[in-house]
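Asker: Sequence:
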Amino acid sequence: MDILDHLLSLDEDLTENYWVYQALLEASKENNIEMFHETITAERHQNISKYMQTSLNTLLKNIAFIANTFHYKTRSNASLEGKNNRIKVIKCVSYGYRNFFNFRNRVMISFILKPCKPASLN
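Residue numbering for the sequence shown follows numbering that gives the first Met the number 0, starting at 0 and increasing by one per position.
One or more hints might be untrue.
[Said to hold, decoys possible] For lysine-lysine, the following BS3-like pairs were computed, each having C-alpha atoms within a straight-line distance of at most 30 Å:
(1) K90 <-> K28
(2) K60 <-> K49
(3) K82 <-> K49
(4) K60 <-> K28
These are computed hints drawn from the structure, not numbers from a lab.
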């Protein structure tokens with residue numbers, strides 16, 4: 000007997016929560032918003048925990064935004080995270096600025112200036 004099957008056989012609520020989670024995960028991997036919406040709104044989830052029900056209600060409340068992420072799969076916040084990391088590095092390396100405007104100017108300068116490529120020797 001598989002470990003997962005054994006654990007799921009111990010509790011009916013756990014089994015239901017697991018299969019709801021797996022259905023949401025599959026819909027996300029397949030980029031299928033209809034399947035995602037059907038899983039959230041299904042009436043067959045009687046035995047799910049109150050925490051899972053709260054999560055499903057939150058997903059249902061924000062379904063329009065979630066649909067956008069399914070539609071625009073190439074969008075990412077990686078560039079924003081990179082900028083945040085760069086600002087944190089400046090803050091860490093500088094040991095703190097006494098004046099916020101100096102810190103702001105340093106951040107602005109670091110984003111405006113781009114490193115120069117060395118001239119090739121011909």
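Asker: Sort out which numbered hints this structure fails and list those numbers smallest first.
Answerer: When the structure is compared with the hints, numbers 1, 3 turn out to be violated.
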